Amino acid sequence: MPPALTAEHAQRFAAIALGHVRREYPNKPGHVLAGPEDARTPRDLHPIFYGSFDWHSCVHGYWMLAHLLRRFPQIEAAPAIRALFDAQLTPEKVEGECAYLAAPQARGFERPYGWGWLLKLSAELPALDNQQWSQTLQPLTDIFLARFEDFLPVATYPVRAGTHFNTAFALRLAADYAEATRDKAFLGLLRETGLRWYGADEACPAWGEPSGDDFLSPALIEAECMRRLMAPDEFAGWFSRFLPDIAAGQPATLFEPVRVSDRSDGKIAHLDGLNLSRAWCWRALSKSLPDDDPRRPVMASAAEAHLAAALPHVAGDYMGEHWLASFATLALEA
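Note that UniProt numbering numbers the sequence shown so that position 319 is 319, with each residue one more than the last.
FYI, nobody ran anything at the bench for these hints, they're computed from the structure.
Check before you lean on any hint, since a few could be wrong.
The calculated label-pair distances, taken between Cβ atoms and stated as ranges, are [unchecked claim]: (1) THR156 x SER261: 33 to 43 angstroms; (2) ASP233 x PRO205: 20 to 30 angstroms; (3) ALA236 x ASP86: 41 to 51 angstroms; (4) ASP262 x ALA106: 30 to 40 angstroms; (5) ASP86 x GLU202: 43 to 53 angstroms.
Bear in mind the structure is a predicted one, so any value in this text is a computation, not a measurement.
We treat Cβ as the ideally placed atom computed from N, Cα and C, and that holds for glycine.
Let's have the full structure, built from the sequences with the hints guiding it.
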């Protein structure tokens with residue numbers, strides 16, 4: 001049987017995240033200074049999401065903890081997760097996060113990667129038995145929802161990078177929020193945008209993959225985004241045109257796990273994330289196909305190879321440890 005998320009994984013991943021979501025340093029702030037008064041510490045800038053090396057990694061650390069708590073409420077780490085959320089998800093601290101975003105220079109803060117992850121976290125919290133956490137975070141959620149709604153209509157072109165700027169990844173995460181909240185208008189905007197950006201794409205060569213600091217496959221995350229946004233019959237035709245040679249293992253670069261030469265280098269360490277995110281995409285995409293589709297075993301095999309290459313490395317060096325378990329969770333839960 002292919003690997004799946006277990007209670008043992010959940011406990012290990014939770015322990016990793018609990019060790020860094022409130023670790024303030026080292027820290028890489030995505031912060032624009034309008035004047036000397038803006039030279040402040042991460043905790044001053046972001047009362048909740050100041051840990052995990054950077055804001056977005058802290059957000060998806062919280063998402064992972066919420067997800068693990070929902071899936072495995074009896075794990076040893078559960079009381080610590082609840083205590084963290086009680087201490088951090090307070091009205092005063094949410095107000096502080098919102099205040100940061102009110103500055104004119106914060107208009108593009110974390111666009112689009114952090115936006116998608118914040119909505120992903122917001123989609124997860126209501127499923128827990130403490131509704132207060134979700135309600136408390138809602139003012140911050142509303143800001144990022146409004147930013148998506150303002151930005152997508154004026155974003156003429158997608159960004160196809162394999163890093164934080166990738167727009168397909170953000171749409172994919174935001175779709176989970178739209179579905180969880182039954183926001184048909186927002187889901188419609190996401191779908192309209194995805195079709196406008198990617199609907200005519202076909203015969204993707206993936207010739208630029210992998211790049212040296214990718215943690216996303218531009219080809220596979222685009223396909224996974226469209227799978228999430230399109231009706232199954234509609235997606236089937238699009239997918240066959242977009243990657244027409246999957247049964248033959250082409251483009252070959254998408255099927256071979258990448259090699260990580262130096263896990264102490266933050267950019268090179270991204271490649272462990274690429275293996276995990278490819279595993280997530282291959283798994284999700286393969287499960288969208290009929291059982292007898294000849295592409296399905298090829299895709300499933302690629303997913304397992306990528307997962308096996310990366311799963312042993314979610315901890316060990318902080319350059320990867322502060323975020324990789326979140327991507328491992330996505331892959332194992334696909």
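Evaluated hints:
A hinted range of 33 to 43 angstroms for the beta carbons of THR156 and SER261 is consistent with their spacing of about 37 angstroms. Separated by about 26 angstroms at the C-beta atoms, ASP233 and PRO205 satisfy the suggested range of 20 to 30 angstroms. Our hint of 41 to 51 angstroms for ALA236 and ASP86 holds, since their Cβ atoms are close to 45 angstroms apart. A hinted range of 30 to 40 angstroms for the beta carbons of ASP262 and ALA106 is consistent with their spacing of about 33 angstroms.
Distance hint check for ASP86 and GLU202: the Cβ-Cβ separation is about 50 angstroms, which falls inside the suggested range of 43 to 53 angstroms.
This entry satisfies every hint, going by the numbered hints stated previously.
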